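Protein chains in written order, with the numbering used here: chain A, 1 to 226; chain B, 1 to 471.
Source of the hints: derived by calculation from the structure; they are not laboratory data. Be aware that a few hints might be false.
[Unchecked claim] Listed below are the simulated DSSO-like cross-link pairs for lysine-lysine, each with C-alpha atoms no more than 30 angstroms apart in a straight line: (1) Lys81/A <-> Lys114/A; (2) Lys57/A <-> Lys38/B; (3) Lys10/A <-> Lys105/B; (4) Lys38/B <-> Lys160/B; (5) Lys57/A <-> Lys105/B; (6) Lys9/B <-> Lys390/B; (7) Lys382/B <-> Lys10/A; (8) Lys184/A <-> Lys9/B; (9) Lys160/B <-> Lys35/B; (10) Lys81/A <-> Lys107/A; (11) Lys114/A <-> Lys197/B; (12) Lys105/B <-> Lys197/B; (13) Lys73/B <-> Lys25/A; (14) Lys105/B <-> Lys390/B; (15) Lys77/B <-> Lys10/A.
This one's a predicted model, so the numbers in the text were calculated from it and none came from an experiment.
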Amino acid sequence: MSGRETVLGKVRRALAVSGAEAERKAAVDERLANPVAGLIPERGQLEGAARVDLFCKMAEAVQAGVTRVASSDDVPEAIAKFLRQNNLPAEIRLGADDRLAGLPWEKTPNLTRKSGPSDGRDLTGVSHALGGVAETGTLVLHSGSDNPTTLNFLPDTHIVVVAADDIAGDYETVWQRIRTIFGKGVMPRTVNWVTGPSRSADIEQTLLLGAHGPRALQIIVIGGTA
Amino acid sequence: MRITAPAFKENAQNALTDLHLQRALEHVEAGFIHKRAKVVAALPEFDALRDAARDIKNHTLEHLDLYLEAYEKAATKAGGQVHWAETGGDARAIILDICRKAGAKTITKGKSMVSEEININDFLAENGIEPVETDLGEYIIQLRGEPPSHIIAPAVHLTKDQVEADFRRVHTHLDAARDLSESTSLLAEARGVLRDKFLAADVGMTGANFLVAETGTSVIVTNEGNGDLTQVLPRVHIVIASIEKVVPTLEDVSTLLRVLARSATGQDMTVYNTFSTGPRRPGDPDGPEEYHVVILDNGRTAMLGNEFHDMLRCIRCGACMNHCPVYHAIGGHAYGTPYVGPMGAVLAPALFGLDEAANLPNASTFCGRCESVCPMRIPLPKLLRHWREKEFERGLAPATQRWGLGVWAYFAQHPRLYRLSTRLAIGALGWLGKKKGRFRALPLAGGWTRHRDLPAPSSRTFIDQIRDREQ
Ligand code: SF4
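Whenever a hint applies, use it, and build me the whole structure from the sequences.
Below, the structure written as structure tokens:
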């Protein structure tokens with residue numbers, strides 16, 4: 001008998017079921033076919049500017065930096081300014097994401113842009129998030145031909161651009177969007193929820209920033225001001 | 001790891017007199033209890049979320065066969081390869097086979113308790129494959145050749161000075177005169193050393209906090225980002241997950257993650273929650289070319305559908321050990337199994353056998369704090385009692401005699417006597433503990449209190465009883 005049949009057989013014996021019960025099957029099929037959101041905390045259930053404000057506040061509370069700009073046209077300069085202020089080289093690596101490629105980079109001629117996945121030597125990576133979650137200041141990023149996952153983890157500093165309109169109150173809303181974009185039951189290879197820069201408390205339970213992932217996370221929010 | 005639970009009493013005795021350990025354990029309170037309390041107080045829906053989380057797992061366990069099949073179908077559709085392992089030995093063989101086919105020399109590892117349970121590191125090393133733990137705590141204990149002492153903070157038993165000594169001993173390629181007096185320099189050093197390992201590994205192996213049946217997704221939760229580098233850089237990603245990790249939908253996972261982060265580390269949300277579905281897709285610039293999931297039973301089905309069923313809801317947050325006076329007194333190693341604290345005392349006899357772990361269900365003061373903080377509402381004291389009863393039936397109770405708990409069993413058989421004596425004991429405890437909420441001496445448990453204060457029990461029923469008496 002294969003491992004599969006052995007394990008499933010043991011599960012079924014323990015539950016005293018055959019696996020063919022119509023009622024059980026229907027319950028499972030229904031739950032999977034029509035996922036229902038559970039209890040969603042009130043905290044994130046805000047509208048418009050208040051929701052974006054909460055996102056920024058929660059992100060800052062977990063040591064992310066937040067820059068707010070009025071339009072996507074302002075993003076290259078916001079990035080250049082952030083790098084300057086933090087004494088970082090004017091060099092970034094980013095994926096082929098259209099939303100990033102379409103930005104007016106001519107405004108920042110001194111900023112060097114490299115494309116593609118990180119080889120571990122880049123100091124700063126730039127990504128575009130699929131969305132954000134106000135409840136906890138969480139960014140949602142996904143992998144794809146335009147979005148190397150390595151950019152989220154290897155560079156010392158991670159800059160993430162997110163549109164205020166894509167900031168939801170809760171995770172469940174973002175899952176619905178992912179279903180709309182990719183199709184029901186289909187996921188991108190990787191979806192990353194990112195809430196602040198990497199950290200560890202493994203030495204004497206003292207919280208230290210900059211474990212294996214980025215030491216700094218800077219979020220650029222486009223729009224969303226009242 | 002080698003199971004040393006049969007020597008529990010000796011282990012505990014040693015722990016109580018280990019000054020390094022006692023100093024390190026002081027960090028548990030500030031590091032976990034306060035943070036959790038703060039973040040829980042900030043979320044009015046927390047208790048309702050615990051109910052919801054419990055219901056999700058109860059529903060899943062009732063339909064476990066069907067959800068496992070649904071998960072397998074979705075994961076396979078996404079290009080993943082699903083393997084089934086009845087025992088730890090089966091899982092080890094499957095993993096070795098994948099590593100061999102990949103021509104692996106080194107394998108990086110994200111933190112995984114299941115991998116500790118099946119002892120994969122020693123096995124891979126014996127077969128010429130170098131396992132490299134990448135979670136900072138796991139890395140430290142790997143350097144020391146020790147098992148974890150906590151399910152989410154594996155090196156909680158160590159002080160900074162001990163870590164510095166280990167780094168100096170092992171990282172001999174670095175300047176001997178370097179300054180490692182600050183924790184930040186220790187972290188930076190580990191980051192540098194492990195960066196090279198991440199980039200060189202042939203296979204990356206992670207656990208899974210959850211498997212999502214709806215989409216065939218595996219989920220890992222880390223603060224360091226090590227799990228992500230482990231799985232995105234090597235050519236092959238192996239996920240090892242036990243059967244009870246499966247949940248129905250992405251919505252269900254979201255509910256569970258809300259209670260997990262808060263209960264585990266007192267965070268609103270863990271830094272990285274990563275949802276992985278299959279291998280690299282056409283056009284993807286990075287990611288593993290092969291994605292394997294090993295689904296492991298290893299004794300879980302023996303808990304399903306009987307008095308230990310509730311334990312399968314456990315999401316490995318560690319809150320029960322963080323709030324356990326026994327864990328505070330002796331740390332994790334004394335338990336002598338990878339799973340420690342109250343959850344370990346319930347799990348270990350099921351996974352490793354009552355012969356090995358019969359002592360552990362006695363490592364409890366039955367104060368009820370574990371149950372009161374468990375996000376999955378697992379009745380841990382009740383489950384510990386079930387094991388004690390089983391053990392008593394089998395007459396396997398030498399340690400309990402030594403601990404004075406044979407007395408407990410004797411009284412338990414004589415309810416009137418028991419009630420009388422506990423009333424006396426509670427009266428005494430109320431008096432003893434009133435001053436500062438801690439005990440210097442505890443009836444029936446002199447072994448603990450000879451060396452260490454115990455926090456006064458905070459269980460409502462206990463206090464209620466005292467109140468009743470005082471009215
Ligand atoms: S038993 Fe409960 S508190 Fe303990 S680790 Fe499991 S879920 Fe957390």
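Numbered hints the structure breaks, given as an ascending list: 3, 5, 8, 14
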